[in-house]
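Chains as they are written, first to last, in this note's numbering: chain A, 75 to 397; chain B, 136 to 575.
Accuracy of the hints is not assured; some may be wrong.
To be verified - Restricting the straight-line Cα-Cα distance to at most 25 Å, the calculated cross-link-like pairs of lysine to any residue (SDA-like) are:
{"#": "1", "chain 1": "B", "residue 1": "K343", "chain 2": "A", "residue 2": "A109"}
{"#": "2", "chain 1": "A", "residue 1": "K144", "chain 2": "B", "residue 2": "R380"}
{"#": "3", "chain 1": "B", "residue 1": "K260", "chain 2": "B", "residue 2": "E457"}
{"#": "4", "chain 1": "A", "residue 1": "K362", "chain 2": "B", "residue 2": "K343"}
{"#": "5", "chain 1": "A", "residue 1": "K144", "chain 2": "B", "residue 2": "T418"}
{"#": "6", "chain 1": "A", "residue 1": "K338", "chain 2": "A", "residue 2": "K362"}
Don't read these hints as lab results, they were simulated from the structure.
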Amino acid sequence: MATTGRLEAAPTCMAIATVEPSFALRLDHLRALEAESIHILREVVAEFERPVMLYSIGKDSSVLLRLAQKAFYPGPIPFPLLHIDTTYKFREMIQFRDEMAKAVGARLIVHTNQEAIADGTQPFKVGTQRCCGLLKTKALLDGLSAGNFDAAIGGARRDEERSRAKERIFSIRDPNGQWDPKRQRPELWTLLNAKLRPGESIRVFPLSNWTEIDVWNYIHVENIPIVPMYYAREREVIVRGNSLIVQEQPFVVTMPGEKPQVVKCRMRSLGCSPCTGAIRSDADTIPKIIDELIATRQSERQLRIIDHDQDGSMELKKREGYF
Amino acid sequence: MSGGLLRICTAGSVDDGKSTLIGRLLYDSQSVYEDQVHSVAKASKNRNAGPIDFSLFTDGLRAEREQGITIDVAYRYFATARRKFILADTPGHEQYTRNMATGASTADVAILLVDARNGVRTQSKRHARIARLLGITDFVLAINKMDLVDYERDVFDKIQDDFGDLLTGASVHAIPMSALHGDNVITRSDRTPYFNGLPLLEYLETVKVHRDATSGPLRFPVQLVVRPDDVFRGYAGQIVAGTVRPGDRVTAWPSGRSARVKRIVTYDGDVAVGFAPMSVTLTLDDEIDISRGDLLTPFDSAQGQPPSVGQRFEAEVVWMDERPLDPARVYLLKHGTRTVTAEINHGLVLNQISTVQVTTARPLVFDRYRENRSTGSFILVDPGTQFTCGAGMITEPLHAHTAHDAPLSVAERLAHLARRAGSDEEAAEAIRQALEELLT
Numbered sequence: 075m076a077t078t079g080r081l082e083a084a085p086t087c088m089a090i091a092t093v094e095p096s097f098a099l100r101l102d103h104l105r106a107l108e109a110e111s112i113h114i115l116r117e118v119v120a121e122f123e124r125p126v127m128l129y130s131i132g133k134d135s136s137v138l139l140r141l142a143q144k145a146f147y148p149g150p151i152p153f154p155l156l157h158i159d160t161t162y163k164f165r166e167m168i169q170f171r172d173e174m175a176k177a178v179g180a181r182l183i184v185h186t187n188q189e190a191i192a193d194g195t196q197p198f199k200v201g202t203q204r205c206c207g208l209l210k211t212k213a214l215l216d217g218l219s220a221g222n223f224d225a226a227i228g229g230a231r232r233d234e235e236r237s238r239a240k241e242r243i244f245s246i247r248d249p250n251g252q253w254d255p256k257r258q259r260p261e262l263w264t265l266l267n268a269k270l271r272p273g274e275s276i277r278v279f280p281l282s283n284w285t286e287i288d289v290w291n292y293i294h295v296e297n298i299p300i301v302p303m304y305y306a307r308e309r310e311v312i313v314r315g316n317s318l319i320v321q322e323q324p325f326v327v328t329m330p331g332e333k334p335q336v337v338k339c340r341m342r343s344l345g346c347s348p349c350t351g352a353i354r355s356d357a358d359t360i361p362k363i364i365d366e367l368i369a370t371r372q373s374e375r376q377l378r379i380i381d382h383d384q385d386g387s388m389e390l391k392k393r394e395g396y397f
Numbered sequence: 136m137s138g139g140l141l142r143i144c145t146a147g148s149v150d151d152g153k154s155t156l157i158g159r160l161l162y163d164s165q166s167v168y169e170d171q172v173h174s175v176a177k178a179s180k181n182r183n184a185g186p187i188d189f190s191l192f193t194d195g196l197r198a199e200r201e202q203g204i205t206i207d208v209a210y211r212y213f214a215t216a217r218r219k220f221i222l223a224d225t226p227g228h229e230q231y232t233r234n235m236a237t238g239a240s241t242a243d244v245a246i247l248l249v250d251a252r253n254g255v256r257t258q259s260k261r262h263a264r265i266a267r268l269l270g271i272t273d274f275v276l277a278i279n280k281m282d283l284v285d286y287e288r289d290v291f292d293k294i295q296d297d298f299g300d301l302l303t304g305a306s307v308h309a310i311p312m313s314a315l316h317g318d319n320v321i322t323r324s325d326r327t328p329y330f331n332g333l334p335l336l337e338y339l340e341t342v343k344v345h346r347d348a349t350s351g352p353l354r355f356p357v358q359l360v361v362r363p364d365d366v367f368r369g370y371a372g373q374i375v376a377g378t379v380r381p382g383d384r385v386t387a388w389p390s391g392r393s394a395r396v397k398r399i400v401t402y403d404g405d406v407a408v409g410f411a412p413m414s415v416t417l418t419l420d421d422e423i424d425i426s427r428g429d430l431l432t433p434f435d436s437a438q439g440q441p442p443s444v445g446q447r448f449e450a451e452v453v454w455m456d457e458r459p460l461d462p463a464r465v466y467l468l469k470h471g472t473r474t475v476t477a478e479i480n481h482g483l484v485l486n487q488i489s490t491v492q493v494t495t496a497r498p499l500v501f502d503r504y505r506e507n508r509s510t511g512s513f514i515l516v517d518p519g520t521q522f523t524c525g526a527g528m529i530t531e532p533l534h535a536h537t538a539h540d541a542p543l544s545v546a547e548r549l550a551h552l553a554r555r556a557g558s559d560e561e562a563a564e565a566i567r568q569a570l571e572e573l574l575t
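Given the sequences, and given the hints that come with them, work out the whole structure.
What follows is the structure, given as structure tokens:
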């Protein structure tokens with residue numbers, strides 16, 4: 075299905091405000107989202123003692139980083155960045171991460187579940203659920219408690235997945251870092267309740283109301299740096315069903331009959347190399363990526379194997395403490 | 136996209152087909168992705184809801200899919216060539232009324248769904264009332280399941296009349312609809328020739344939002360004081376109403392001191408005019424003492440009504456906690472960027488909405504809710520559970536002080552707080568909070 079009559083990207087104009095003679099001053103929707111996100115980030119810094127920003131290197135993290143620069147300007151970003159490194163991230167991602175942290179002048183903390191890595195944890199050996207559980211969920215909870223952080227800012231959006239659509243902007247986690255969808259606090263107006271009981275912590279989602287297209291449009295108008303893997307170019311990949319697997323990690327072994335092919339492709343979302351597929355694409359600029367996005371109507375998470383391993387799998391991961 | 140952003144909430148009784156309507160809206164406006172359709176089509180086979188059960192797009196939690204009901208507010212996003220929409224899909228069950236209030240608190244337009252076979256029911260009335268209370272003036276009355284009453288005009292007219300009384304003073308757009316078959320959702324249906332109005336999507340694309348936050352007087356709650364070095368001192372916040380320009384004289388409340396705005400600072404450079412809902416940082420020409428929780432407003436009263444400053448006011452409160460409101464206890468009250476302790480003059484139970492009198496330990500700077508949604512609203516937090524237990528809308532400031540309300544000494548006040556707390560833990564927290572307020 076290549077046409078979508080009604081979906082449309084936001085205007086890619088540089089102007090912050092539109093002045094309409096008959097209607098006074100108005101922010102376009104991207105700037106309204108920006109203002110809301112900045113408000114949320116400032117509330118976090120005002121209300122919590124030890125906030126941290128979870129930095130995943132992806133496009134949403136790039137947007138979050140820019141919003142943090144804006145929120146506290148002309149001051150520096152007043153919290154560290156925490157990257158949960160499964161050690162299976164793409165090399166380009168790690169390089170980009172280190173450059174960005176330096177460029178924005180933020181302190182970068184990298185946390186890895188070293189014990190699990192030493193045990194040889196990898197998706198094809200222990201299964202994707204257990205691998206994520208150890209290298210992401212457990213590593214995240216350990217990383218947060220190691221830093222004694224009371225608020226963790228993340229780039230998740232409500233349009234990503236069904237259970238995320240129910241997530242609060244200030245989302246409470248119990249002392250084990252777990253989410254209870256039935257114990258969520260009502261969140262009215264822009265009044266965010268930052269009060270915690272002993273041991274509780276909070277996850278904060280400033281991009282809650284952004285869609286994937288909003289994120290791309292914002293990257294475009296703001297000229298925000300992103301990992302080059304988002305742009306299409308010719309890459310050597312293994313074609314497996316609908317997935318194109320970039321041959322980077324040593325344990326991605328070719329199945330009988332599979333051999334690497336050169337395909338023009340890009341990553342639609344960035345995760346661990348064994349579990350994140352590329353898509354065939356000619357989109358080598360952001361406007362082309364936006365056009366492709368509007369045209370494809372394939373949800374961005376479709377190629378993330380971990381979301382499909384069981385019914386409601388994202389909700390279950392979140393209940394266990396996953397980001 | 137000249138229409139900007141429209142925030143919508145939906146309300147209706149159980150089984151009015153709300154989730155189906157939203158699923159239909161997302162599906163027909165092609166905002167639902169292919170793989171979501173696949174996973175929904177797969178899940179639909181396990182239930183008895185026809186080829187594609189649209190409600191499965193929106194019921195995100197496992198318990199909801201298992202029980203076939205919506206438990207929690209879900210936020211949905213879609214865009215057309217004309218507008219971007221944020222839709223809060225709120226549950227119909229009475230025990231989740233608080234979620235209806237949550238959805239309505241930020242909405243510009245409410246869609247009230249009614250089953251054509253049942254007409255106006257208690258729950259519909261309740262939702263209409265909550266939406267009105269939360270300041271919504273534009274309503275879509277979606278009279279759904281018209282296919283089950285043979286699209287009869289009389290049914291449509293009668294329900295429309297019945298709702299007239301409930302929504303006096305509001306603008307109501309009634310639509311005869313079948314969400315299941317798509318009648319009057321995206322395009323006008325042939326089966327309702329008596330209906331000449333806009334179908335739902337077109338109405339949402341074109342409805343004028345009456346609430347224009349930039350037209351009122353400036354309201355700027357200070358979130359943070361930004362002091363990166365010895366030279367720069369700025370006040371960061373989101374403009375919740377009005378406009379501000381360099382040179383404007385502003386008053387800082389509750390101190391009442393004033394200064395002129397020097398710069399409106401943003402990461403993208405200084406701006407010549409700041410307006411709602413921009414997040415900016417203001418610098419002033421005079422070093423007056425301003426901190427988080429203060430409110431900046433125009434100095435010149437010709438530029439609009441000044442806010443009320445006081446410790447007592449009347450408010451409509453929606454109670455959202457299973458633990459009832461206890462007038463003998465002290466609650467935390469968050470208003471704008473300021474949190475204070477507060478007492479409420481009478482009890483409320485879950486889902487009850489009532490007019491109460493609120494007394495705060497420190498002065499608040501506020502407007503009536505009908506004048507300003509931001510400076511007229513507050514939430515109540517239970518200091519024992521830290522749960523958001525109530526939501527309030529200020530209706531009137533109360534000034535009359537009687538002997539009974541005479542200020543207590545500090546020692547009396549602390550003893551009073553300790554006596555009223557429900558547990559030692561709460562007593563400690565209430566006293567800690569009160570001391571913090573006294574000392575800052």
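To see whether the hints hold, each was checked on the structure:
Annotation: proposed proximity of B/K343 to A/A109 holds, straight-line Cα distance about 22 Å (limit 25 Å). Only pairs whose Cα atoms come within 25 Å are accepted, and A/K144 paired with B/R380 is accepted, the gap being roughly 20 Å. Using a Cα cut-off of 25 Å, the hinted pair B/K260 and B/E457 holds, with the two alpha carbons roughly 22 Å apart. Straight-line distance between C-alpha atoms of A/K362 and B/K343 comes to about 33 Å, which puts the hinted pair past the 25 Å bound.
Restraint check for A/K144 and B/T418: satisfied, since their Cα atoms lie roughly 16 Å apart, inside the 25 Å limit. Distance restraint check for A/K338 and A/K362: the Cα-Cα separation of roughly 14 Å lies within the 25 Å cut-off, and the hinted pair is therefore satisfied.
Of the hints listed earlier, the one the structure fails to meet is number 4.
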